[in-house]
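J.: Okay, here's what each chain looks like letter by letter:
There are 2 protein chains.
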Amino acid sequence: MKTEKDKNIPYKIYLKEDEIPTQWYNVRADMKNKPAPLLNPGTLEPMKAEELYGVFCEELVKQELDNETPYIDIPGEIVSFYKMYRPSPLVRAYCLEEKLQTPAKIYYKFEGNNTSGSHKLNSAIAQAYYAKKQGLKGVTTETGAGQWGTALSMACSYFGLDCKVYMVKVSYEQKPFRREVMRTYGASVTPSPSTETEVGKKILSEHPGTTGSLGCAISEAVEKAVTSEGYRYVLGSVLNQVLLHQSVIGLETKKALDKYGIKPDIIIGCAGGGSNLGGLISPFMGEKLRGEADYRIIAVEPASCPSFTRGRYAYDFCDTGKVCPLAKMYTLGCDFIPAPNHAGGLRYHGMSSILSQLYDDKYMEAVSVSQTSVFEAAEEFARIEGILPAPESSHAIKVAIDEALKCKETGEEKNIVFGLTGTGYFDMVAYEKFHDGLMENYVPTDEELNESLAKLPEVK
Amino acid sequence: MKTEKDKNIPYKIYLKEDEIPTQWYNVRADMKNKPAPLLNPGTLEPMKAEELYGVFCEELVKQELDNETPYIDIPGEIVSFYKMYRPSPLVRAYCLEEKLQTPAKIYYKFEGNNTSGSHKLNSAIAQAYYAKKQGLKGVTTETGAGQWGTALSMACSYFGLDCKVYMVKVSYEQKPFRREVMRTYGASVTPSPSTETEVGKKILSEHPGTTGSLGCAISEAVEKAVTSEGYRYVLGSVLNQVLLHQSVIGLETKKALDKYGIKPDIIIGCAGGGSNLGGLISPFMGEKLRGEADYRIIAVEPASCPSFTRGRYAYDFCDTGKVCPLAKMYTLGCDFIPAPNHAGGLRYHGMSSILSQLYDDKYMEAVSVSQTSVFEAAEEFARIEGILPAPESSHAIKVAIDEALKCKETGEEKNIVFGLTGTGYFDMVAYEKFHDGLMENYVPTDEELNESLAKLPEVK
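These protein sequences, in sequence, are chains A and B.
Residues 1 to 460 in our numbering are what the first sequence spells out, letter by letter.
Residues 1 to 460 in our numbering are what the second sequence spells out, letter by letter.
Read the hints as simulated data drawn from the structure, not as lab findings.
Careful: at least some of the hints might be erroneous.
Copies of the same chain look alike in the list, so a pair counts if it fits in one copy or across any two.
With a cut-off of at most 25 angstroms between alpha-carbon atoms, the simulated BS3-like pairs for lysine-lysine come out as follows [what the hints assert, rightly or not]:
| hint | residue 1 | residue 2 |
| --- | --- | --- |
| 1 | K132 | K99 |
| 2 | K133 | K362 |
| 3 | K414 | K83 |
| 4 | K460 | K263 |
| 5 | K414 | K362 |
| 6 | K362 | K99 |
| 7 | K433 | K169 |
| 8 | K328 | K62 |
| 9 | K12 | K133 |
| 10 | K83 | K99 |
| 11 | K133 | K169 |
| 12 | K202 | K322 |
| 13 | K16 | K83 |
Every value quoted in this text rests on a predicted model; they were computed, and no experiment measured them.
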């Protein structure tokens with residue numbers, strides 16, 4: 001036996017099917033300082049529901065703006081869909097603990113065991129459901145690495161909705177297999193920037209030969225939605241509604257831990273736009289906000305795209321084309337694009353308004369990690385725990401290992417919980433670079449950041 | 001709700017961790033007509049254990065030759081490893097039933113939720129364990145599509161064994177990501193035929209420019225094993241030992257069905273070398289052999305490589321280089337290579353001796369299906385059940401759907417169980433061909449088959 005097992009705790013804690021949450025938890029209800037409202041890009045006034053209805057589905061707008069209701073019912077059709085791949089396992093990392101020789105107890109919530117390969121499906125199915133309910137023909141979106149696009153394609157296929165995905169051109173070319181999965185689910189996938197939209201044409205004329213960015217693909221998807229009859233735009237991260245849907249991750253995690261009387265000391269999640277981290281921590285953060293319990297909560301971001309650790313808490317555009325509402329968030333500036341050699345995902349310039357407010361209020365910490373250290377952790381984890389992690393998820397693995405090694409020094413038996421958001425089957429080009437010693441660590445200089453931060457819009 | 005759910009049966013039936021089998025079931029013990037013995041390629045006499053020790057690990061040789069012991073203990077270390085990804089779910093395909101509007105009840109045992117992406121890990125970890133226990137340095141093997149090579153790499157990494165994989169050249173070139181996953185687990189991967197072995201050199205000189213075959217890669221891996229100090233050869237299918245290890249699939253399936261009082265009417269599995277099918281059906285076949293129950297059992301093979309439905313039951317070489325022992329099996333002749341446009345896996349020229357004997361004794365049926373019909377079923381399944389299936393597994397899906405549609409006509413509420421052996425994340429090139437309408441159906445002519453069958457060795 002390589003591992004010494006706690007008598008009562010299995011390798012994988014599975015909840016029963018009827019223990020899947022039937023309500024999402026809205027952490028905003030427990031926040032004293034609410035996340036700042038979205039602003040109209042023209043007037044810089046807070047967006048009203050009616051103004052958002054042209055872009056987003058109505059029910060989703062309501063969820064976006066609802067800072068008060070703590071629990072929101074999950075419609076039965078969504079719960080049914082969740083049953084196809086949920087509850088997801090909470091895994092006790094016995095093998096990793098043994099390998100590290102740490103007294104810490106490590107748990108991870110594994111969201112990769114579905115065909116989209118990540119947690120993104122939790123929100124995709126909700127957004128597709130409300131689009132269908134509103135009688136829409138379809139939805140538009142952007143995707144970078146492709147996890148969100150894949151998830152949305154699956155969700156739209158389930159409800160018979162059309163799905164138009166703008167995929168960052170460099171990913172479109174480097175990840176033909178992701179594109180092909182989306183096609184399997186009937187989605188149309190267009191490399192961005194494209195000539196299908198005005199904003200795409202404009203970007204192409206200003207930057208011929210550009211390989212695209214997430215912010216630019218967002219602009220195209222939004223334009224397509226608002227100019228097409230029966231379409232709305234959907235987004236896989238950053239938004240309040242997305243964190244609401246992703247609360248199923250945290251609710252299941254908490255229920256599984258509670259079953260075995262385990263109280264986490266440290267909760268760790270990777271953070272790009274914040275969808276996974278926000279979902280994982282939500283019920284724990286709720287307890288913390290209500291003063292019922294305390295947890296150390298750590299957001300992990302790439303050193304090459306460090307919005308929490310080196311960004312500014314300010315209003316910024318959510319997209320490059322500046323057609324979207326402004327959000328108050330930790331941001332590197334909407335023109336910031338991580339270096340092309342950045343392979344580890346989490347490349348959005350901003351961060352969820354909810355998490356930004358919580359971070360600003362010191363309810364959580366953030367650290368940034370270098371790309372090669374992330375891939376070292378990923379490979380170690382793959383070999384020991386038998387799951388090939390997504391580069392994004394591996395940011396959390398890296399810090400979980402670091403914290404477990406600290407426990408080894410101090411002898412503390414801390415309970416460490418982290419989010420393993422997805423699998424890396426479509427990221428083998430990055431792994432190959434790492435194996436071949438061709439992966440570099442890029443960290444933006446202060447000058448670069450100052451340049452893009454200097455362009456932040458002025459909002460009183 | 002899209003699906004009407006049976007009150008008591010969840011979407012996914014998960015056994016508890018302590019319900020993972022602790023013994024493998026050896027179906028040979030219940031066979032009146034035992035599978036024919038392996039023959040020495042030089043003398044054509046039955047192989048004795050000592051003769052096999054140079055090629056295979058000793059404990060595995062014993063398992064290979066044991067036709068009598070019905071239950072064989074699974075070592076604790078292997079059970080521990082199984083706990084990292086087992087028990088695998090038995091899924092009730094509510095959504096598929098609803099879509100087909102069939103009164104049939106469809107279940108599938110899903111073996112794809114581990115990083116190797118298939119059931120192959122069940123035997124890989126066993127073979128690596130016995131190699132480690134024997135004090136070996138490492139093992140050699142071949143891989144075609146890459147599932148077996150990936151599984152073995154994971155298993156060897158777990159036990160700290162060296163792993164040398166000969167990968168059919170055409171796959172090596174077309175599936176760089178599979179190769180990269182193996183590298184992540186520390187395996188060395190060589191395109192076959194190579195100049196590393198005498199048999200590889202010989203094949204290259206006779207067929208310059210060949211893209212390789214499974215039979216040829218086997219020859220290279222065996223040569224490497226017997227000429228390297230501290231190495232043995234391991235194989236992912238066909239062998240009796242592999243079917244023994246894979247019995248965990250069937251044992252878990254039966255236990256899960258028994259829990260809910262479900263008796264399958266039809267059991268369906270895809271068949272290449274027979275590892276999945278043999279494992280899935282084993283405890284059911286045991287009951288059938290003992291006269292305790294009856295089940296319809298269907299092997300599904302590709303029309304382009306139809307060993308059961310168009311092959312001959314005869315002694316043949318297991319490899320192209322004719323260095324391996326001979327096995328009595330349904331075979332197309334060891335020189336048979338499926339057409340290069342065959343994308344659906346299951347491309348081995350022969351079939352497990354156990355299954356061949358059972359088929360010859362009429363304990364099971366076999367059907368062959370065309371490639372495009374398999375991909376149609378695969379895409380339908382992906383959209384409805386949310387799992388992107390491996391092309392191999394999709395052969396079983398195709399026939400499960402066919403049988404469910406027959407039930408729709410007759411109104412019979414049959415219980416259909418099939419094996420969903422793995423996921424198709426590394427098969428997107430084939431899916432792309434299918435989407436682009438470039439996939440062809442190739443069926444060998446009688447002349448072609450007769451030509452390769454005419455070369456079968458003469459054995460009295």
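J.: Could you place K362 and K99 in one of the four classes (within, between, both, neither) given a Cα distance threshold of 25 angstroms?
T.: neither (33 angstroms within a copy, 50 angstroms between copies)
J.: Using 25 angstroms as the alpha carbon limit, work out where K132 and K99 are close: within a copy, between copies, both or neither.
T.: Classified as between; 18 angstroms across copies, 48 angstroms inside a copy.
J.: Can you give me the call for K16 and K83, within, between, both or neither, at a CA distance of at most 25 angstroms?
T.: both (10 angstroms within a copy, 18 angstroms between copies)
J.: Please sort K133 with K169 into within, between, both or neither, judging by C-alpha distance up to 25 angstroms.
T.: For K133 and K169, the Cα distance exceeds 25 angstroms both inside one copy (32 angstroms) and across copies (50 angstroms).
J.: Tell me, please, which holds for K460 and K263 at an alpha-carbon limit of 25 angstroms: within, between, both or neither?
T.: neither (42 angstroms within a copy, 70 angstroms between copies)
J.: Between K414 and K83, at a C-alpha cutoff of 25 angstroms, which is it: within one copy, between copies, both, or neither?
T.: For K414 and K83, only the inter-copy Cα distance (24 angstroms) is at most 25 angstroms; the intra-copy one is 32 angstroms.
J.: At most 25 angstroms between CA atoms: does that hold for K133 and K362 within a copy, between copies, both, or neither?
T.: neither (39 angstroms within a copy, 53 angstroms between copies)
J.: Measure nothing new, just compare the shortest in-copy and cross-copy C-alpha distances for K414 and K362 to 25 angstroms and report within, between, both or neither.
T.: within (21 angstroms within a copy, 59 angstroms between copies)
J.: Checking an output row: K202 and K322, CA cutoff 25 angstroms. Within, between, both or neither?
T.: This pair counts as within: shortest intra-copy Cα distance 12 angstroms, inter-copy 64 angstroms.
J.: For K12 and K133, with the copy left unspecified, which applies at a CA distance of at most 25 angstroms: within, between, both, or neither?
T.: Neither, since 36 angstroms and 27 angstroms both go past 25 angstroms.
J.: Should K433 paired with K169 be assigned to within, between, both, or neither, using CA atoms and 25 angstroms as the limit?
T.: Both: 20 angstroms inside a chain and 22 angstroms across chains, each within 25 angstroms.
J.: Can you give me the call for K83 and K99, within, between, both or neither, at a CA distance of at most 25 angstroms?
T.: between (34 angstroms within a copy, 17 angstroms between copies)
This entry does not satisfy hints 2, 4, 6, 9, 11, going by the numbered hints stated previously.
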